[in-house]
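Following the hints, position chain B against chain A.
Line by line, the protein sequences are chains A and B.
Numbering-wise (numbering that gives the first Met the number 0), the first sequence opens with residue 0 and increments by one.
Numbering-wise (numbering that gives the first Met the number 0), the second sequence opens with residue 0 and increments by one.
One or more hints might be untrue.
Listed next, with one range per pair, are the computed distances between beta-carbon atoms [stated by the list, open to error]: (1) A/5 <-> B/337: 30 to 38 Å; (2) A/22 <-> B/0: 21 to 29 Å; (3) A/97 <-> B/187: 47 to 55 Å; (4) A/74 <-> B/28: 54 to 62 Å.
Here are the simulated lysine-lysine pairs, BS3-like style, with alpha carbons at most 30 Å apart [as the list claims (entries may be wrong)]: (5) B/114 <-> B/391; (6) A/123 <-> B/391; (7) B/391 <-> A/14.
Worth flagging that the hints you see were computed from the coordinates, not collected in a lab.
A virtual CB, placed ideally from N, CA and C, is assigned to each residue, including glycine.
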Amino acid sequence: MSYSEKVIDHYQNPKNVGTLDKSKSNVGTGLVGAPECGDVMRLQIEVDEAGLIKDAKFKTFGCGSAIASSSLATEWLKGKSIDEAITIDNMDIVEELNLPPVKIHCSVLAEDAIKAAINDYRQKNGLEVLKFNESVVH
Amino acid sequence: MLNFPIYLDHNATTPCDPRVVEAMIPYFTNNFGNAASRNHPFGWAAEEAVDYAREQVAKLIGAEPKEIIFTSGATEGDNLAIKGVFEMYASKGNHIITCNIEHKAVLDTCKHIEKEGGEVTYLKVKDNGLVDLSELEAAIRPTTILIAIMYANNEIGTVNPIREISAIARKHGVLVFSDAVQAVGKIPVDVNKDGIDLMAFTAHKMYGPKGVGALYVRRKNPRVKVTAQMDGGGHERGMRSGTLNVPGIVGFGKACEICLTEMEEETIRVSKLRDKLQTELMKIEESYLNGDKEHKLPHVTNISFKYVEGEGLLMGFNKNIALSSGSACTSASLEPSYVLKALGLGDDLAHSSLRFGLGRFTTEEQIDYTVEQVTNTVNKLREMSPLWEMYKEGIDMNSIEWAHH
Chain A
0 MSYSEKVIDH YQNPKNVGTL DKSKSNVGTG LVGAPECGDV MRLQIEVDEA
50 GLIKDAKFKT FGCGSAIASS SLATEWLKGK SIDEAITIDN MDIVEELNLP
100 PVKIHCSVLA EDAIKAAIND YRQKNGLEVL KFNESVVH
Chain B
0 MLNFPIYLDH NATTPCDPRV VEAMIPYFTN NFGNAASRNH PFGWAAEEAV
50 DYAREQVAKL IGAEPKEIIF TSGATEGDNL AIKGVFEMYA SKGNHIITCN
100 IEHKAVLDTC KHIEKEGGEV TYLKVKDNGL VDLSELEAAI RPTTILIAIM
150 YANNEIGTVN PIREISAIAR KHGVLVFSDA VQAVGKIPVD VNKDGIDLMA
200 FTAHKMYGPK GVGALYVRRK NPRVKVTAQM DGGGHERGMR SGTLNVPGIV
250 GFGKACEICL TEMEEETIRV SKLRDKLQTE LMKIEESYLN GDKEHKLPHV
300 TNISFKYVEG EGLLMGFNKN IALSSGSACT SASLEPSYVL KALGLGDDLA
350 HSSLRFGLGR FTTEEQIDYT VEQVTNTVNK LREMSPLWEM YKEGIDMNSI
400 EWAHH
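One chain only, chain A, in its complex shape (with noise of 0.2 Å):
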């Protein structure tokens, strides 16, 4: 199986490698996955005052479409406000990466991530943690 070039890319120069300070009440962090399925991801946010996604990083634990699924995600969610960066579907990155089948669960899991991320920022300041539908490919 060879990887699309935009995969390639972002393995080898992954965008938003990091870490943010996940006591701070304006960080979100999503930790989705486990180490015995091959792949984990943490996804975390930081939002300003206006609601929008000034910063993001990531580290994952998986093959190259995870990392490179994650790293797309960073990209994506910066500028987006917290209400825009929830409508980011799995299939975007999909498409994007030019995912195969069997790598359709690392953009699964980055949708996770996000939502995850997005849901401890909520929990943080108050909001209502949101109900998503279950993913539809585990």
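Relative to chain A, chain B alone:
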């Protein structure tokens, strides 16, 4: 000068040695005859070549030429041995003993046997990947007809105590079959000293062509028979019908001859390189050697680099180095290697493993380059790994509620 890509996946297959190819070529063109054509020079030349190859193959494993049944490869050999014994010895019993880290060609054949009314015991190997002899002996029943244990494992390179296994089998009057694909041509294998009754092996793992292998079937003490699994012209003493793959068999013979002549020297050379690779890579923090340290093929090592996922790791250098991983992501099943899991490794360590299979054409320069590339990529990916960060912060990863998906 390094030429890319570097091949370190010799457990999967090996390149044909140029001397093997050279020996084969006349048998595609001028000497194209059918070895079963008894009435003209084309047939005679082919038969003579096959007879010679049969001697070369037999010599490598200490057998008689008549005990060699040519097959299409080891998967066929595994099927023929297990199904063939099961059918031939049905009046004696229906129980087979094997182990849980056998190749799929053995495990799936055993599953088939179970559907046919046979009983199979799958021994759990010890944490070092070797069969437990006392468990093996305890598993023998009055109805046991066959013990099917691999000589060496394809993923971790461990070598089973075959002589001890066959001694136990002899004591109980049970036949021994061994899938010896990874061992033959690499380490000394002698069917008489090792007490093996049936043994499958293949040319393409020892610098011969793909599509040809052999099943050794003992003729004396005891005389072993298998029921043919393919009906036809009764070739190979009635055990394997089908026109013989003459060029393939000639190449197989040549490959065996080369392995026999060069084994001693080659083992010293390649194990030195393997040891260097292993020693250097084990210097990486949180790296774990999989499988027994001592009872191991000279050209194989399997190492897990904790907190880094295997496929992600391979991607760092797989344009230049061909390797394989026990990670789920390299297979369609999304399950990590059943062999590594059988050693009691957690799924996380199984996901983090790389298998290195060195070979006849591996150089020290290639090993040095591989050490450098693997080390750099492990370090780079750990900087990107949330698990590594947690480990460094002293967080107990078992305390986290992971969302299993």
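Hints, one by one, checked against the model:
Taking the beta carbon of each, residue 5 of chain A and residue 337 of chain B are about 33 Å apart, inside 30 to 38 Å as hinted. At roughly 54 Å, the beta-carbon separation of residue 22 of chain A and residue 0 of chain B lies outside the given 21 to 29 Å, and the hint is violated. Taking 47 to 55 Å as the suggested C-beta distance range, the pair residue 97 of chain A and residue 187 of chain B conforms, at roughly 50 Å. At roughly 59 Å, the beta-carbon separation of residue 74 of chain A and residue 28 of chain B lies within the given 54 to 62 Å, and the hint holds.
In summary, the hint linking residue 114 of chain B to residue 391 of chain B is not supported, as the alpha carbons are separated by about 50 Å, beyond the 30 Å threshold. With a CA separation close to 26 Å, the supplied pair residue 123 of chain A and residue 391 of chain B stays within the 30 Å bound. Under the criterion of a C-alpha separation no larger than 30 Å, the hint pairing residue 391 of chain B with residue 14 of chain A is consistent with the structure, at around 22 Å.
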